[in-house]
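Q: Residue-level listing of the chains:
2 protein chains.
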Amino acid sequence: MLGLTYFLVTISLVYGQIRHFNWAEPDGATYDVVDTTRNTIGNSLERLTSMRQVLADYKVDAYIVPTSDAHDSQYLSPADARREWLSGLSGSSGTLVVTANEALLWTDARYFTQFEMQVDTSLWTLMRQGTDPSIQNWLTSNMALDSVVAVDPTTYTRNAWIPLETALKASNVTLEAISENLVDIARTNIGDPPPPRPNNDLIALTVDFTGRRSSDKIAELLSQIRSAGASALVLTALDDIAYTLNLRGSDIPYNPVFFSYLIIKDNVSSPENVILFWGNGVLHSNISDHLQSEGLQIQTRDYSDIFNYLSQYSNSLPIDSTIWLTNDASHAIFLAAESGNVNIRSTLSPVALIKCVKNDVELQGFRNAHIKDGVALVRGLRWVEEQVAAGANITEIDVSDKLEEFRRMEVDSHGPSFATIAGAGKNGAVIHYKPPLEGSRVIGRNDMLLVDSGGQYKDGTTDITRTRHMSASPTDAQRMTFTRVMKGQISLATVVFPRGTVGHTLESFARRSLWEVGLNYGHGTGHGLGHFLNVHEGPSWILSGPSSTDPGIVEKMIFSNEPGYYEVEEYGIRHEDVVEVIAVTKDADHIHAESIVGDFGGAGALGFHTISLVPHQTACLDVKLLDDLEIKYLNDYHARVLATIGPILKERNLTEDFEWLERECAPISRDAAILVKTSPLLMVVSVATLWLRT
Amino acid sequence: MLGLTYFLVTISLVYGQIRHFNWAEPDGATYDVVDTTRNTIGNSLERLTSMRQVLADYKVDAYIVPTSDAHDSQYLSPADARREWLSGLSGSSGTLVVTANEALLWTDARYFTQFEMQVDTSLWTLMRQGTDPSIQNWLTSNMALDSVVAVDPTTYTRNAWIPLETALKASNVTLEAISENLVDIARTNIGDPPPPRPNNDLIALTVDFTGRRSSDKIAELLSQIRSAGASALVLTALDDIAYTLNLRGSDIPYNPVFFSYLIIKDNVSSPENVILFWGNGVLHSNISDHLQSEGLQIQTRDYSDIFNYLSQYSNSLPIDSTIWLTNDASHAIFLAAESGNVNIRSTLSPVALIKCVKNDVELQGFRNAHIKDGVALVRGLRWVEEQVAAGANITEIDVSDKLEEFRRMEVDSHGPSFATIAGAGKNGAVIHYKPPLEGSRVIGRNDMLLVDSGGQYKDGTTDITRTRHMSASPTDAQRMTFTRVMKGQISLATVVFPRGTVGHTLESFARRSLWEVGLNYGHGTGHGLGHFLNVHEGPSWILSGPSSTDPGIVEKMIFSNEPGYYEVEEYGIRHEDVVEVIAVTKDADHIHAESIVGDFGGAGALGFHTISLVPHQTACLDVKLLDDLEIKYLNDYHARVLATIGPILKERNLTEDFEWLERECAPISRDAAILVKTSPLLMVVSVATLWLRT
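From first to last, the protein sequence lines are chains A and B. Numbered by my numbering, the letters in the first sequence go through residues 1 to 694 in order. Numbered by my numbering, the letters in the second sequence go through residues 695 to 1388 in order.
Isolated chain A (complex conformation) (with noise of 0.2 Å):
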């Protein structure tokens, strides 16, 4: 699943650590957990009128207000939704920037007509990302000599607040850190509160799912803690969290996630050394239970805690001491962590680090998830061209409905892992397109449908694109960009390299077809997926660009795979699998595993292979263009599918279903006519033989 525009990618890759820039959510992830009815236009004023007010009682000069929570987390909980709720505008980016004279909202191309449709032009200005001058440029050009800026400092993370507030500095301008979120308190003025922030139950997850103890990952945090000479490790996000103490949540949409912090300390010896930050401090006692079955004693706090708790426990550290923060944590924490007379080691994230490679239980529940997943699309992709054949008014929003249906019949689903993206002829060409709940595409039997979904089940996450055209009758340049898209899957999925190498140099495979015809798409091509955790995870991506926090690839690592082609107006092409990372030697189930001679010096050679299993339309494929290798890939795939998936619908009976995946997985060929003309030689012998014959 994707959404970013390359802009974003180029821009963003090569300064650092990447959570979310690069892989956003469908255009108004958001816009189903917003109330956003009452925002219309009509009451923007009153907003930004209580929000004037605040900052007047505050003097400060500038307010920012940014697309964050206090995590940096790549979804926003409604209670953080403070620039939709301020501007109006919905979806993935923006940030805004109020004075008592201007209002500002900078947001990147993919919005600029949706700001048009839902803010009030009149109040508000769009500063479109990449020409107009940027926050810290404007800032600096027009706040007036020793006036104040300010932001909620848990919602810019260090890493942002140092060069603003150098450059503002050396305009004489002071960014302030005010602890109280200014717009919470505009919304209260006018008796429109924010949300309560979510806190819902916790979900214990037992190591048959994620076949590691809690405790035996605490364990291996402790000691990289002491090697690093540190006193404490700060976990802010909150997938490493979630991680880290095998609990699941659902305070954020999608992500299987809840609002926390984890302070690790290195006294193992007490039990109070592993501090959650988290609701009231009160854990129900099946989560305690959970816990202590686990082998982990951890001492619970009030969620809101962790500021006091950070200051005085860096206060009572000795001199020089350290303390380890995450480069993704706020600004907030930082102060916090600082506050004493102390050092701050801060790096990527150690979770991360770990979390990304998946342990064999984990990798199980993966293949599992996906063939549950698979079942699940197969029915619902056959429903949607069932339909459509027979003439019914079926819609975007019915397709994603259906999925959901079918996805939450399997064993141990939790829903989808992201907002269905299903686009259908020209909305197809719409990279962040979401359907809309009202007044969705009714689709057509002569559109291409890109269907973008994915699941989470406790046993692993899964993300899958498909794209077929209704009544499998492509134009010609559908059929053409359809398989140069496959070509590039193709040609990432079959890829051997030297462990280690990092994902951006393996991303042109995916784009050389579409390249050689002068085609592109404006996005990237592989990212992490979490183990039923969010369904991108760093910090090892596919990406057109360099990331200084690359760990490079290793075995068992999970990327998606998804190369698209856009037609802007006409249609979308996309095709993405989810693969694991796997050592490619002789014995090992890889298209290149007989002719490997050597593994790189040592180094070892991987490959991918593909845990996806829904067929892709053949019939939209131009086989001309496919070599021997990338057919003899596509009929092992289809092979696969067909005997992993046509099993489960026949043992449930479901007959139609298996007799479409059966026509499906059909293998294909090139016929003899196409081979005559590759070969001048081959031409003369089937001539000969044709002459033979009659």
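Honestly, the hints are just simulated from the structure, not real lab data. For glycine and all other residues, C-beta sits at the position ideal for the given N, C-alpha and C. Misleading hints may appear alongside valid ones.
[As the list claims (entries may be wrong)] Covered, in the sense of this in silico footprint (three residues per stretch, anywhere, with C-beta under 8 Å from a C-beta of chain A), are these stretches of chain B:
hint : segment
1    : 1195-1203
2    : 1206-1217
3    : 1289-1297
[To be verified] Distance condition first, Cα-Cα at most 27 Å in a straight line; then the derived DSS-like pairs of lysine-lysine:
hint : chain 1 : residue 1 : chain 2 : residue 2
4    : A       : 632       : A       : 556
5    : A       : 650       : A       : 402
6    : A       : 59        : A       : 169
7    : B       : 1152      : B       : 1280
8    : A       : 586       : A       : 632
9    : B       : 1318      : A       : 586
10   : B       : 1152      : B       : 1096
11   : B       : 1326      : B       : 1152
12   : B       : 1120      : B       : 1096
13   : A       : 586       : A       : 458
14   : B       : 1280      : B       : 1318
15   : B       : 1326      : A       : 624
16   : B       : 1280      : A       : 624
17   : B       : 1326      : B       : 1250
18   : A       : 624       : B       : 1318
19   : B       : 1344      : B       : 1096
20   : A       : 632       : B       : 1326
21   : B       : 1318      : A       : 632
[To be verified] So the derived list for chain A, only partly shown, Cβ under 8 Å to chain B, looks like this:
hint : residue
22   : 223
23   : 224
24   : 498
25   : 508
26   : 515
27   : 516
28   : 518
29   : 623
30   : 627
Starting from the structure of chain A, add chain B where the hints point.
A: Just chain B now, with coordinates in the frame of chain A:
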């Protein structure tokens, strides 16, 4: 031509500009110009003792001797071969640190064995780069408080100076810039002064070679200087200066450059605005006439005046003026420029960005040079095979000499562009191999021979590698790797990509086929070439890691395309061509031209066109491993080689050469037996044919 270990590529590329770290010359590039006969182990002690006396005289506790000149040149003049004189180690890489009690030599794995052979190990300690502590770490750990480490600031770039100075300061150690070179003093003190700095006659290059008058180049730079708000631009890279002035020299082996500095000031009305620091400041009349004919008035000064002049100039400028330096300038240049109350603007050289994009005259010259070079190489390669077949005892050095002889017969030849790498048998596996002048290997009938050589011509610079088995009977492993390296070269040669793509993004294409069997090669794949200038020219490269200063590929750049494979102690394979960057449109001379449908949304589609014109030894190919496009590419290429080089050989009555060329350019094809393997259907057809025929 190449020579760098993977290691160096990996560690150096991420950090800023690349000039000479990534494409090292062959081992011992200075070997044949530095008189090494005196430099036996026997007098190492005398040299080191003299050095230590100078350290004592100057009150210096440690002195650093890098492999470098004042212009950050890749190849050194004997006058700058200080590391070699003091330690005895020849070759391209190494840094010395001398204290009263220690003499340490840092170098990379290529030189570990050579160290044992050339260096007095009773005096010198080898410090292995990558495993032993770095120079910085060694100094901070071993130097006493308040001690002084000194360096000749002309031999250190500012980029290298700052981090070292910062680290030493943190340990209370001072890094001191001493403008006299202490090695030169040590040499003089024992009656072995450094050879005089070359100051050979300049060569004027007219506009029919350069395509652009020097005054036009200066005008473009002046316009950039003004846009940047700078008072002056200081050029220090010798190829930048030669390019700007349309002059060449011969002060450095293989690189037609001359020791000089150039300052361009923003006061165009004065004839004093361009100041060349060269020799004693007196130009020969043919050179001043040439400059005048190009509309350029310049002031000339003594080469050694630069530092005083720049310092005085800096002090003469109004406060807050800006001097523009390139970021490969030495610390000494920075010190001089900073001596007034001015700002320093430091960027990648604007000349580097201009000269990497060739103009039409330069491009035509490149093509022409490659025709001449093709003639010479065809003659040389045929001569070698004839000699070996006849049982003559010819050596690697004979190959090198013969190629030079044939190249010098061509119009406007100016000798080799680097020391020929002619590696027979296991020597071919030594990536930086250069045959020794005495006792090089006799080439046997069962040898693979790797020949990497190039020529300087007034109209262009060439660089080509061909690998040939002397009796066209390679082993299976040689045939397989020979073919896979070829597939890599063809893959890069045929790729289409969006304008502005960086070379790194394309590099994996050259490796993929080897990767598929678990093999790889330890060097980069493509470097730019200067126009009758340095054979390795930045700032655009095709490498396995990113470079922060790579401007991206545009039309009219020139690159090498040189994947390889090296089986240590057995054989080496490299296929190297020079390519120019072309726009790929419907009517381009490109294998994918016909299928082009887009231009990347207006960005433009680019590809490569190979301008080297020498046949590959197709007898060493495993044609079964080639696909149709690869076979077509090779046949098209060989047809072009024959059509271009053939008539010249005929015209010169070089009949045997022509016949050899004709044989070597014969088209290849898969036979029916192979085709049968690819398709069961075809097998039926073929069997039917055979049956019907009998």
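Q: Does each hint fit the structure? Answer for all of them.
A: Against the structure, the hints come out as follows:
For the segment 1195-1203 of chain B, the stated coverage by chain A holds: 6 residues have a C-beta nearer than 8 Å to a C-beta of that chain, and at least 3 were required. Coverage of a stretch by a chain is defined here by at least three residues with a beta carbon nearer than 8 Å to that chain's beta carbons; for the segment 1206-1217 of chain B and chain A the count is 7, and the condition holds. Requiring three or more residues with a Cβ within less than 8 Å of a Cβ of chain A, the coverage given for the segment 1289-1297 of chain B holds, as 7 such residues are present. The suggested pairing of residue 632 (chain A) with residue 556 (chain A) holds, with an alpha-carbon distance near 25 Å, which does not exceed 27 Å.
Only pairs whose Cα atoms come within 27 Å are accepted, and residue 650 (chain A) paired with residue 402 (chain A) is accepted, the gap being roughly 20 Å. The hinted pair formed by residue 59 (chain A) and residue 169 (chain A) meets the criterion: a straight-line CA distance of about 18 Å does not exceed 27 Å. For the proposed pair residue 1152 (chain B) and residue 1280 (chain B), the alpha carbon gap of about 34 Å is over 27 Å, so the pair is violated. Pair hint residue 586 (chain A) plus residue 632 (chain A) holds up; C-alpha atoms about 18 Å apart against a cutoff of 27 Å.
Note on residue 1318 (chain B) and residue 586 (chain A): the hinted pairing holds, with a Cα-Cα distance of about 21 Å set against a maximum of 27 Å. As the CA atoms of residue 1152 (chain B) and residue 1096 (chain B) are separated by approximately 21 Å, the hinted pair is consistent with the 27 Å bound. Simply put, residue 1326 (chain B) and residue 1152 (chain B) have alpha-carbon atoms about 34 Å apart, too far for the 27 Å limit, and the pair is violated. A C-alpha spacing of about 21 Å is found between residue 1120 (chain B) and residue 1096 (chain B), which places the hinted pair at or below 27 Å, so the restraint holds.
Distance check on the hinted pair: residue 586 (chain A) and residue 458 (chain A) sit about 34 Å apart at the alpha-carbon level, beyond 27 Å; violated. Straight-line distance between C-alpha atoms of residue 1280 (chain B) and residue 1318 (chain B) comes to about 30 Å, which puts the hinted pair past the 27 Å bound. For the given pair, residue 1326 (chain B) sits about 17 Å from residue 624 (chain A) by alpha-carbon distance, which is consistent with the 27 Å threshold. Taking the CA atoms of residue 1280 (chain B) and residue 624 (chain A), the gap is about 21 Å. The hint holds against a cut of 27 Å.
This hinted pair checks out: residue 1326 (chain B) and residue 1250 (chain B) have alpha carbons roughly 25 Å apart, not beyond 27 Å. For the proposed pair residue 624 (chain A) and residue 1318 (chain B), the alpha carbon gap of about 20 Å is at most 27 Å, so the pair holds. Proximity of residue 1344 (chain B) to residue 1096 (chain B) is assessed by CA-CA distance (about 20 Å); at most 27 Å being required, the pair is judged to hold. Straight-line distance between C-alpha atoms of residue 632 (chain A) and residue 1326 (chain B) comes to about 23 Å, which keeps the hinted pair within the 27 Å bound.
Taken as a hint, the residue 1318 (chain B) and residue 632 (chain A) pair is honoured in the structure, with Cα atoms around 17 Å apart against an allowance of 27 Å. The closest approach between the C-beta of residue 223 (chain A) and any C-beta of chain B is roughly 25 Å, which is over the 8 Å cut-off, so the hint fails. Interface restraint check for residue 224 (chain A): the shortest CB-CB distance to chain B comes to about 23 Å, outside 8 Å, so the restraint is violated. At a threshold of 8 Å, the smallest CB-CB gap from residue 498 (chain A) to chain B is about 6 Å, leaving the interface hint in force.
Nearest Cβ of chain B to the Cβ of residue 508 (chain A): about 5 Å, under the 8 Å cut. The hint holds. Given hint, residue 515 (chain A) at the interface with chain B, holds; its Cβ is 5 Å from that chain's nearest Cβ, closer than 8 Å. Here the hint on residue 516 (chain A) is kept, as its CB sits about 5 Å from the closest CB of chain B, short of 8 Å. Satisfaction of the interface hint for residue 518 (chain A) is found here, the shortest Cβ-Cβ separation to chain B being roughly 3 Å, below the 8 Å cut-off.
With a least beta-carbon distance of about 13 Å to chain B, the hint placing residue 623 (chain A) at the interface is violated under the 8 Å criterion. About 6 Å separates the beta-carbon of residue 627 (chain A) from the nearest beta-carbon of chain B, less than 8 Å, and the hint is met.
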